Amino acid sequence: MAMTEEAMRERKEYAKKAGWKIFAIWLVLSLIGEVLVLYVWGPHMPPGDMTTSAASQQFDFKVLTAMVVPVLLMVWVYGAWSLINFHATKTDRGDGIPLRGNRRVQGIWYVTSAALVLFLAGFGTYELINGNGVGSGEGPSPIWKPTAKHMLVVQVIAQQWRFTYRWPQFGGMETTSIDLPADTTIQFDVTSLDVIHDFWAYQLGVKADANPDVNNVAYTTTSNQLGRFTVRCDELCGIWHGAMYNYGHVVSKSAFYTWASNMEAQNASVTKLLPPFATTYTPSYSGAGGGYYPSYDPNGHAVTY
Amino acid sequence: MAIDMTPAAGVGSPTDLEARGLKAAKPWFKGNMITALIGGGIGYAFGHWLGNAIASNYSVYVSSGQNEVAIYLSLIIGCLGWFIGLGALNYPIQKLLGLEPAEAPKSEKRTFWEHFTYSTDHKVVGVQYLFGMLLYFLVAGLLALGIRTELLSPVNHIWAPDTYIEIVGEHGTMMMMMMTSIVMGPFGNYLIPLMIGSKKMAFPRLEAASFWFTVPSFLILLSALWQGGFQSGWTGYAPLSIQGGPGQSDYDVAFALMALSMICASINMAATIINYRAPGMRWSRMPILSWGMITTAFTMLLSVPVLFDGLYVMSLDRGVRTAMLYAGHGGSSFLWENLFWFFGHPEVYLLALPGFAITVEMLPVFARKPVFALKTSTAGLIGVAVLSFFVWQHHLFMSGMNPDMRPLFMLTTELISIPTGFLYLVAMGTVWRGKIRFEVPMLFLLAVFWNFLWGGVTGVYNSDVPVDALVHGSFFVMAHFHFTIMGQLIFAVFAAVYYYTPLIFGIRLNDKLGKISFWIIFVAFNSTFLPLFMIGLLGQPRRVFEYAVRLQHLNQWVSISAYVLGFGILLYVINLIWSLAVTRTPSGPNPWESRGLEWQVGYPIPPDNFVKIPVVNRDPYGYGTGDDTPVADLDPVGDRAAVVTGGDA
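Chains as they are written, first to last, in my numbering: chain A, 1 to 305; chain B, 306 to 954.
Hints in this document: simulated from the structure, not taken from any laboratory. Please read all numbers here as calculations on a predicted model, not as lab measurements. Please note that the accuracy of each hint is not assured.
[As the list claims (entries may be wrong)] Below, computed lysine to any residue pairings styled on SDA-like, alpha-carbon distance capped at 20 Å:
(1) K400(B) with F334(B)
(2) K680(B) with K90(A)
(3) K12(A) with I108(A)
(4) K680(B) with I97(A)
(5) K680(B) with V111(A)
(6) K90(A) with R742(B)
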């Protein structure tokens with residue numbers, strides 16, 4: 001339908017006037033929001049900075065939130081403006097302006113959203129390969145590995161419904177609790193004996209699925225911050241999934257070596273009977289890959305579950 | 306493009322048969338739900354017997370001590386019995402016997418009981434779907450309250466841990482598998498022929514079947530509750546699911562039935578929209594709901610067979626001890642994860658896409674403006690549908706598989722924000738300088754945009770691998786998808802039910818009760834799911850019945866809000882039932898003053914929708930142009946081709 005020139009001009013003028021107002025409100029609110037995100041909430045964001053990976057998670061989380069806040073505010077400010085200004089009154093139940101599109105607005109929208117998304121993907125990729133161990137689960141074709149010369153290797157063995165830890169550098173001892181030294185790069189070899197579990201050391205910023213017959217590797221470097229961390233199973237693993245958790249500690253290096261040496265000595269009589277350390281650790285009645293359970297059950301059936 | 310659908314073209318109609326010198330076979334059996342249940346029971350018993358006869362030795366090897374072959378056979382043959390009892394197989398059986406079955410005549414006035422039989426009338430199927438889906442939704446919602454009751458306290462337990470996992474799995478599976486059809490089922494089947502000017506859906510028997518698959522699926526899934534349930538949750542990860550008992554077999558068969566239902570519905574929907582458009586209904590004039598339906602249909606057609614394959618593999622592993630998903634026997638647990646999520650991620654868009662479409666469909670009616678950037682909204686739907694197939698591995702970022710693929714999947718996942726963002730562009734452009742009418746459906750629509758914004762932006766956190774290492778598998782993810790699915794789809798459905806009851810039943814729902822229920826639902830929904838983001842970030846994994854004591858207050862807040870949310874939904878349902886069954890306030894023919902073709906047909910809608918095939922002149926969003934001529938000529942005369950080329954594009 002043809003539109004009068006006057007109506008066209010009125011429409012443009014209104015859009016200009018209202019647009020600047022909306023922009024100004026959005027800008028002010030966004031600036032306030034950014035300050036709150038970066039300086040007030042930011043330092044307290046989870047999961048803390050007990051390790052390099054946790055600190056990196058916190059940083060990434062902060063960056064994403066800083067990007068999300070203006071987007072949220074843009075929709076809210078615009079939405080509030082529209083709801084207040086463009087509602088039908090009791091007397092005027094007519095129609096609005098038959099506006100079917102606006103090339104400029106659409107173009108700006110496409111370009112801005114594409115730019116935001118590409119930045120996010122680029123930032124995420126950079127953080128992933130930037131060397132802090134986040135994005136655990138390095139597996140057989142890692143895109144990043146730590147450069148540290150000496151790493152503490154801990155094999156995390158998940159099973160219904162507990163975690164045990166195996167320490168190849170300490171005679172292959174097995175423990176039911178986990179202590180880690182401060183200021184050390186740690187390699188977690190995560191595997192499972194039965195179903196899929198997930199090793200989530202919350203305060204360490206480490207999360208890796210434990211798959212049967214698979215060695216899922218995750219790295220992290222502990223900081224100087226000592227304290228307790230929680231280990232939870234994060235992949236549904238059956239009835240007692242909810243109760244599959246324990247606690248670990250980051251302790252000083254000397255305390256750790258004392259603990260580990262004591263444990264190694266205590267375990268010596270058992271360790272010599274255990275099969276040697278293997279990268280996967282799954283029950284197998286052929287005896288391959290560890291052989292945790294007896295090969296056959298007394299009834300002659302293969303027991304694998 | 307559109308094919309001829311003059312009344313005489315009805316295949317198998319008595320007059321048509323007489324003209325061909327054939328005699329119509331009488332329907333030898335007319336089933337309903339009762340006979341179907343009887344048939345199902347007989348089939349179930351027979352299948353059990355057969356399974357035990359051929360495979361009882363297998364149970365020796367099964368940890369549960371159950372003969373899974375008997376269980377699978379009983380469920381599958383039980384389903385066949387259900388369909389025979391329903392009368393759904395009359396047509397093929399008569400055809401096999403060389404008889405020529407007649408189509409049942411459609412009636413102007415539908416009886417209440419007609420909705421409990423196998424009907425090939427798309428309007429009946431639409432209503433069947435509507436109430437079926439609402440029932441499934443309410444049952445699954447009640448289970449959610451069961452979950453929240455348990456989480457009131459970190460240490461005192463209402464449920465035993467196995468019961469808790471059963472409830473969690475049942476809630477998730479029921480919602481995710483059954484709600485996929487909540488828009489395409491009721492609104493797609495009812496509205497699409499009306500919207501595109503067709504007398505019927507392309508495959509009426511397939512259409513009826515697609516609904517009647519959901520009923521045994523629901524019953525089987527529900528029956529898992531008293532068969533020990535399934536501990537694997539809706540994702541059914543192997544090898545945990547291979548450990549499960551008969552409940553897990555119920556999961557397999559119920560999900561497979563639902564997959565069949567989705568495949569049937571989507572084939573039918575795509576065929577209808579492509580072939581049965583009235584003259585003049587160009588792609589550019591097609592209502593956005595039709596676009597949503599066809600993109601959803603194609604997404605389903607490509608993804609659901611993969612699920613079906615996965616379930617088949619799992620059933621073989623469980624039933625006859627093959628070893629495809631179990632690592633200890635030489636299979637791989639990654640296989641199921643990949644098959645499942647290759648279906649599972651498009652699946653969440655199967656929920657989101659029709660939600661978007663129906664939102665954009667209703668929005669211009671209440672904003673009194675044309676859809677802003679109509680082509681962009683279509684592009685948004687298609688973009689989401691296409692990209693949904695390239696993102697499944699973001700569910701497996703923590704699995705240890707293919708670390709070098711992570712940046713790629715991070716990119717594709719984040720790219721989805723662009724087409725979903727289009728829908729915000731469309732919505733924001735549509736309300737600009739409109740005359741918004743704050744009717745109840747509009748309130749729900751506005752809530753859709755509020756809720757989905759939370760769901761959308763938190764999706765970015767999930768796609769970013771380093772942050773995902775924090776939030777994956779936690780309540781953060783849970784809150785995220787409840788915002789996208791419940792906050793978007795279910796709110797859109799609430800809007801649509803409210804909006805379309807005048808069309809479907811000629812009855813307007815109570816406005817006051819509608820507004821009260823809206824505000825309770827909206828506030829309680831946000832109060833339930835916003836804190837869950839926090840709970841997840843603070844380290845609470847999903848599907849646990851014990852959690853850190855420090856999170857108790859937040860969890861209690863969420864649980865109480867969930868009860869209030871349940872109360873709000875109950876009020877909404879009471880409004881629906883009360884208005885439909887008791888007060889029955891007539892609505893008038895087009896209470897929302899919509900320009901859509903579906904509202905021009907007249908009430909009651911004639912048995913064949915249109916006396917003559919209409920000729921469509923424009924898209925249905927021409928609000929504010931001052932041009933009040935209807936979108937289609939419902940009584941076209943003369944040379945149709947000449948009319949078709951006229952009108953604005």
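List of violated hint numbers, smallest to largest: Hint 2 alone not satisfied by this model.
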